[in-house]
Amino acid sequence: MSSLVWVCVTDFFTYETTKSVVVKSWSVGIINRIVQLLIITYFVGWVFIHEKAYQSIDTGIESSVMTKVKGFGYHHNQVMDVADYVFPQQGAGVFCIMTKVIITQNQFQGTCKELGWRFKCKTDEDCHTHFGSILANGVITGTCINSTNDNEMGQCEINGWCPAENDQVKIEPMQDVNNFTIFIKNSIRFPLFDVTRGNFPSSMTSEQIKSCTYHPENNPFCPIFRVGDILNYTGQSVSDLAEKGGEIGINIQWRCNLDLDIENCVPEYSFTRLDAPFAKNAVSKGYNFRFAKYFKTENGTEFRTLHKAYAIRFDVMVTGNAGKFDTIPTLINLVAAFTSVGLGTVLCDVILLNFLKGADQYKAKKFEEVSEAQIEAYLAQSPGSQLSLKPGIKSSYDSGAVSLDMTDQPDLATTTTI
Amino acid sequence: MSSLVWVCVTDFFTYETTKSVVVKSWSVGIINRIVQLLIITYFVGWVFIHEKAYQSIDTGIESSVMTKVKGFGYHHNQVMDVADYVFPQQGAGVFCIMTKVIITQNQFQGTCKELGWRFKCKTDEDCHTHFGSILANGVITGTCINSTNDNEMGQCEINGWCPAENDQVKIEPMQDVNNFTIFIKNSIRFPLFDVTRGNFPSSMTSEQIKSCTYHPENNPFCPIFRVGDILNYTGQSVSDLAEKGGEIGINIQWRCNLDLDIENCVPEYSFTRLDAPFAKNAVSKGYNFRFAKYFKTENGTEFRTLHKAYAIRFDVMVTGNAGKFDTIPTLINLVAAFTSVGLGTVLCDVILLNFLKGADQYKAKKFEEVSEAQIEAYLAQSPGSQLSLKPGIKSSYDSGAVSLDMTDQPDLATTTTI
Amino acid sequence: MSSLVWVCVTDFFTYETTKSVVVKSWSVGIINRIVQLLIITYFVGWVFIHEKAYQSIDTGIESSVMTKVKGFGYHHNQVMDVADYVFPQQGAGVFCIMTKVIITQNQFQGTCKELGWRFKCKTDEDCHTHFGSILANGVITGTCINSTNDNEMGQCEINGWCPAENDQVKIEPMQDVNNFTIFIKNSIRFPLFDVTRGNFPSSMTSEQIKSCTYHPENNPFCPIFRVGDILNYTGQSVSDLAEKGGEIGINIQWRCNLDLDIENCVPEYSFTRLDAPFAKNAVSKGYNFRFAKYFKTENGTEFRTLHKAYAIRFDVMVTGNAGKFDTIPTLINLVAAFTSVGLGTVLCDVILLNFLKGADQYKAKKFEEVSEAQIEAYLAQSPGSQLSLKPGIKSSYDSGAVSLDMTDQPDLATTTTI
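Residue numbers (the working numbering), protein chains in the order written: chain V, 1257 to 1674; chain L, 1257 to 1674; chain P, 1257 to 1674.
Watch out, some of these pointers could steer you wrong.
No copy labels: a pair is met if it fits in one copy or bridges any two.
With a Cα cut of at most 25 Å, we get these calculated DSS-like pairs of lysine-lysine [as the list claims (entries may be wrong)]: (1) K1326 - K1549; (2) K1564 - K1541; (3) K1426 - K1324; (4) K1466 - K1536; (5) K1549 - K1324; (6) K1326 - K1376; (7) K1324 - K1500; (8) K1466 - K1564; (9) K1326 - K1536; (10) K1466 - K1500; (11) K1549 - K1369; (12) K1466 - K1541; (13) K1541 - K1619; (14) K1466 - K1326; (15) K1324 - K1564; (16) K1326 - K1369; (17) K1324 - K1536; (18) K1466 - K1376; (19) K1564 - K1326; (20) K1369 - K1466; (21) K1500 - K1326; (22) K1500 - K1541; (23) K1564 - K1549; (24) K1552 - K1564.
Hint data in this document are derived by calculation from the structure and do not stem from the laboratory.
Based on the provided sequences and hints, a complete structural model is requested.
So, in structure tokens, the structure goes:
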């Protein structure tokens, strides 16, 4: 019993290694080493150095953006400041700078005539076709309000805020927007590595920040952006944007290699026109929205001033990832690398066993063959003693993989002795 | 010296390949091929074709959403338009459509009685229990304002905007919300591949966009959504939502295979009720918020109109990822595939060496054995010449893995000749 | 022809397994098993159990946040409620609680003198240096408005909303903010697994939610947060924040192991001061923004009240990922594990073939050698019959890897018999 345990233990503490054939051939040896070199170069150069496959990556960047616009503009013969032209006012990461506004003063609830060619009419029936229209400024009542002169066309009547807005008036946009500045404060965190960073270096003094302007080369870490510069970087003309409005993306990209000094983890800014994918569609060019200011008359009736605001909307979008050495991806990629080096032998085997002079001899060396026929023949001869193997069987020189015919080794089990 | 270098060089340019045993057995051969076939099928079919393991994936989608609501509704005998019922007005990705509003007119700072059963009182002491209450409409002063009739209960006094809001009034919600339309403009970018897409094809004309309505099958790329349709898709009744408010998620999913034509990279819309996880909790059903409009009397005193707005909030959430062929994941998965095919031999070895007829013979073919005892015996015999190995040792026919007893090979080094 | 097919088929259904050398040596056997044990332990313990490498991970969490603030504060001798101090009012995931406001009443468009030492002047020329300044409250006209007394300095004139704001006044901030409560409703979804969760358990009753307050240990799932507590958790003093404003991050982290019960998928809250990375910079401490309320005089002139609001901004940031068993990562990591176990042989081979007693004998067992010289010699002898290999070649006892000299095996092909 105890000897059986001992046998098991000795059996367990054995070491099994593959038996190898060493081919001393210049041609296949050189090919082998070149293939291995290529594979190693690929893994070291591309996978490990370039793609940093030894790092684990945190893509779940947490970000908080605070913005502050400064500047003054003339519009409607008024000086407009931040409280007038920025929406929303709280300094969010998505904000609009109003560049043109069509104001419809003193709207009261009631009925009045709609404006525009689309709502011209001769009879009430003409207006019935507009029932439920969402292009009017109110609910179409179905009445055609005729002008005093009978020859002229009337206009359909609407129920809602009156007078109706006329957004076809020509208004000079606020070109001063070019000189406005945007201050962006962005703090990010990579939760996986618990790393927190701000978008300007902590060595920057208050004076430096107040006086600088962002420039991609000269001042890449200044958090103050001139609107005119941003529009330039996106290749847009300020006059077009100020007229129709538009959407600009300010992308802050954080690509941090945390294996290096943390001070190298800095933001990179880029600017795009977000409505670019829709440039070909004629619809919905630009960007505008409506809002109202509400007032009360002395007797308590509410009225409003409707504003159709054309604005440049800025979306501060923060993206990024951080990488740091981690054992798991390193290990998996190392194993992949080692195994890939091993796969080089597949190619070399193909060359060695097929295209080299003496391929068959190499085959004979590499492959030992054992067939059911041999085993059966052997078993037939010594049926009783499977365990007391004759040494003969073990030295059976097989005929290699190329020997397709078994018949030239008629009595293998017995004649293996030589 | 130079010959030593030469020896090293020749040694280096050798090729080492494993020595293999080829088993010509139908049973194990068929099992081997079937196992290999299964593994290859799994990798090709599932890993590569279905899961696209050959692609690198960009999950860091950048997105910008612009929305625009259109439609008119009757509420409080007024016609409400977009400027009245949409919050915030700038067309953000998260916006509310107000469906019901409880208006408390002309609130001035001062003291007045709180409303509601909760704040009924007989004495001042009854009100002291409410000190610091956040359920009141102002700061509880601790005074009980008795009604004229002594039998009736009084109400606690509050300090704040007076009169207090009574939000228990029954108000008919604005059912017209059903017919409102939402226009969604979404432009996305996959930064890894620098691919930019819009949520409607660039071939769509202005007329098509203006006249279409989204339908999952008939019109899946129209960016105009009817609110009633959206509520239908989420299985919600508009009357319930208009009454209590609610939160609706509009999910735009981009799943792009950039190995195909970029025109196949299109959005997919889905709609969910976001407060569904809280359906079982009785608290905080629906969605409402308060805002105020501020006015001034002639003499400059500020007063306000408080609005308790019940609204349907829409969250446009953009998710997605893009995949594109990349060598690194391909390689790693290919290596995993090849290695896995190799792992098939583990199974076959188990069968071959244990369950097949003649298993021991196969063992003897597969395993050569060398033991410390042998080596020591050999070294004892020729202690001085380790390097000038006799050829004899190399042809030592080991007794296979099954030979557990060394003693039947007493003088191995010398008798290997046979 | 058919026999050729038959040959191909038999050839195909063969099984090839590596020929192995089993080394029965205690030292290398134990090393082998220890190395294997270490590798297996690493993979099981770290890779699989700790890092859950058997799961596929969904990092694209979809989230919707609704917030509601409650509480009353005294400021400027007024009671302020939610409609007064929360911006924006819709209950978004990013919101501000105003803690101090500097009010500039009754601003009309016009010209007036700028305030502050920076804009002191003696002559108009002094003011010209300020042309285009964005630090003023309006557009610098270039005129110096002298005070009545000639000895005193004048102030530069501005064009814009007048009178100019004086933000140097000392105002007591609203300390009551400490007692305000924030209710956070967060519903999330993992699109990959289609799992939806809310931030408080569905078993929580309305009463429980209304009466509880979040506490990291005692009440970790209560969705009601006291502002004072939040500031405590971030280590900030409320008096400092109320005075200057600040940015607080409320992070809701979802780390879900979906292999376990879904009820274990619960949020974890953490609180940080978001402007911490900028603590060293003297600039832009705190958080403030300006907004205006617009009024109209009886005769229709618009005027406004400017508010410079110092606020605590709360960013509710939702992050998280979910993992669930998936075959692909499991398989790849299993293959990596198996292959890594195999890599243990590399170490053992180095020991076996170099440092063990009888290393050369082990080498001789492991490596069979075949050289071009041998093959050529053989081919020279039997040039015509490559296919009818003599058995002799197959039993060529190579001299092992250490035999660098071929000359001691002069007629290999013929003398292999022994």
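Status of the hints after comparison with the structure:
no. : hint          : result
1   : K1326 - K1549 : both (23 Å within a copy, 19 Å between copies)
2   : K1564 - K1541 : within (15 Å within a copy, 35 Å between copies)
3   : K1426 - K1324 : between (30 Å within a copy, 23 Å between copies)
4   : K1466 - K1536 : between (40 Å within a copy, 15 Å between copies)
5   : K1549 - K1324 : both (23 Å within a copy, 19 Å between copies)
6   : K1326 - K1376 : between (44 Å within a copy, 21 Å between copies)
7   : K1324 - K1500 : both (23 Å within a copy, 16 Å between copies)
8   : K1466 - K1564 : between (33 Å within a copy, 20 Å between copies)
9   : K1326 - K1536 : between (34 Å within a copy, 23 Å between copies)
10  : K1466 - K1500 : between (31 Å within a copy, 19 Å between copies)
11  : K1549 - K1369 : within (22 Å within a copy, 28 Å between copies)
12  : K1466 - K1541 : between (35 Å within a copy, 13 Å between copies)
13  : K1541 - K1619 : neither (73 Å within a copy, 78 Å between copies)
14  : K1466 - K1326 : within (12 Å within a copy, 37 Å between copies)
15  : K1324 - K1564 : both (23 Å within a copy, 13 Å between copies)
16  : K1326 - K1369 : between (41 Å within a copy, 19 Å between copies)
17  : K1324 - K1536 : between (33 Å within a copy, 20 Å between copies)
18  : K1466 - K1376 : between (55 Å within a copy, 20 Å between copies)
19  : K1564 - K1326 : both (22 Å within a copy, 14 Å between copies)
20  : K1369 - K1466 : between (52 Å within a copy, 24 Å between copies)
21  : K1500 - K1326 : both (22 Å within a copy, 19 Å between copies)
22  : K1500 - K1541 : within (7 Å within a copy, 36 Å between copies)
23  : K1564 - K1549 : both (11 Å within a copy, 18 Å between copies)
24  : K1552 - K1564 : both (21 Å within a copy, 19 Å between copies)
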